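> Build the full structure now, drawing on both the sequences and the hints.
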Amino acid sequence: KAGVTQTPRYLIKTRGQQVTLSCSPISGHRSVSWYQQTPGQGLQFLFEYFSETQRNKGNFPGRFSGRQFSNSRSEMNVSTLELGDSALYLCASTLGAGEGEQYFGPGTRLTVT
Amino acid sequence: GIQVEQSPPDLILQEGANSTLRCNFSDSVNNLQWFHQNPWGQLINLFYIPSGTKQNGRLSATTVATERYSLLYISSSQTTDSGVYFCAVFQAAGNKLTFGGGTRVLVKP
Chain A
-11 KAGVTQTPRY
-1 LIKTRGQQVT
9 LSCSPISGHR
19 SVSWYQQTPG
29 QGLQFLFEYF
39 SETQRNKGNF
49 PGRFSGRQFS
59 NSRSEMNVST
69 LELGDSALYL
79 CASTLGAGEG
89 EQYFGPGTRL
99 TVT
Chain B
144 GIQVEQSPPD
154 LILQEGANST
164 LRCNFSDSVN
174 NLQWFHQNPW
184 GQLINLFYIP
194 SGTKQNGRLS
204 ATTVATERYS
214 LLYISSSQTT
224 DSGVYFCAVF
234 QAAGNKLTFG
244 GGTRVLVKP
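Chains A and B, in that order, are what the protein sequence lines are.
Counting from -11, one number per residue, gives the positions in the first sequence under the numbering used here.
Counting from 144, one number per residue, gives the positions in the second sequence under the numbering used here.
Since the hints were made in silico from the structure, they are not lab data.
The model shown is predicted, which means the values in this text are computed figures rather than measured ones.
Check each hint, because a few of them may be wrong.
What the hints assert, rightly or not - Only part of the chain A face toward chain B is listed, based on derived beta-carbon distances under 8 angstroms:
#1 Pro(-4)
#2 Ser21
#3 Gly30
#4 Leu31
#5 Phe33
#6 Glu40
#7 Arg43
#8 Asn44
#9 Leu83
#10 Gly86
#11 Glu87
#12 Tyr91
#13 Phe92
#14 Arg97
#15 Val100
Cβ coordinates follow ideal geometry from the N, Cα and C atoms, glycine included.
In structure tokens:
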């Protein structure tokens, strides 16, 4: 069974631009969560989706948004990029709606210049 | 919110040595996971262990939920064990994992 996939793997953007990252969960998994990892703040929760509904969002500005499609694939979007948005963005998938084991993708490394 | 603290922050080991990594958390949790982050950034699942003890090869983990801590044991360490180890706890109320700050392990040959 294929693992969690994320595209693109690397991305370089300029301040003020916007970016869309994609995550495909493990086949059959219905929940997708997104996390941001930076050297200063560590790993922080962004949002979680189940059945196309955002059920929880972390403490990030409104420039960070996401969605989930009917096939469970998810996208996150960051608008008006800032230098501080440079980070590794990780997505994780879980089988069901609750507290099951989370499996992570390889991440998208975003650099904002 | 819940606080997750890992110790030590850094660990240098000679190949073949044993070690214990600790994860303390400040509130009750529904489950706990241990991960190893590889040099390319991917989090590799080690254990899903809300309570009790599990073993996988040279690694084992114990979670004592009532006392709010978990331990990860590495025995007969190898250079490939180098990297950052994270524990993360899940609370159903928040529907998310909260990560500790990690323990950076370097195993020298």
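> Hints first: check each against the structure and report whether it holds.
Going down the list of hints, with the structure as the test:
1. Pro(-4): Result: violated, 14 angstroms to nearest chain B Cβ.
2. Ser21: Check passed: Cβ of Ser21/A comes within 6 angstroms of chain B, closer than 8 angstroms.
3. Gly30: It holds, given that the least Cβ distance between Gly30/A and chain B is near 6 angstroms, below 8 angstroms.
4. Leu31: 4 angstroms, holds
5. Phe33: Status holds, d = 4 angstroms.
6. Glu40: Interface hint status for Glu40/A: violated (15 angstroms vs cutoff 8 angstroms).
7. Arg43: Holds: closest Cβ of chain B sits about 5 angstroms from Arg43/A, inside 8 angstroms.
8. Asn44: 5 angstroms, holds
9. Leu83: Interface hint status for Leu83/A: violated (12 angstroms vs cutoff 8 angstroms).
10. Gly86: 6 angstroms, holds
11. Glu87: At about 4 angstroms, which falls below the 8 angstroms cut-off, the nearest Cβ of chain B leaves the hint on Glu87/A intact, so it holds.
12. Tyr91: 6 angstroms, holds
13. Phe92: 4 angstroms, holds
14. Arg97: Because about 7 angstroms separates Arg97/A from the closest Cβ in chain B, which is inside the 8 angstroms limit, the hint holds.
15. Val100: 17 angstroms, violated
Taken one by one, the earlier hints fail for this structure at numbers 1, 6, 9 and 15, listed in ascending order.
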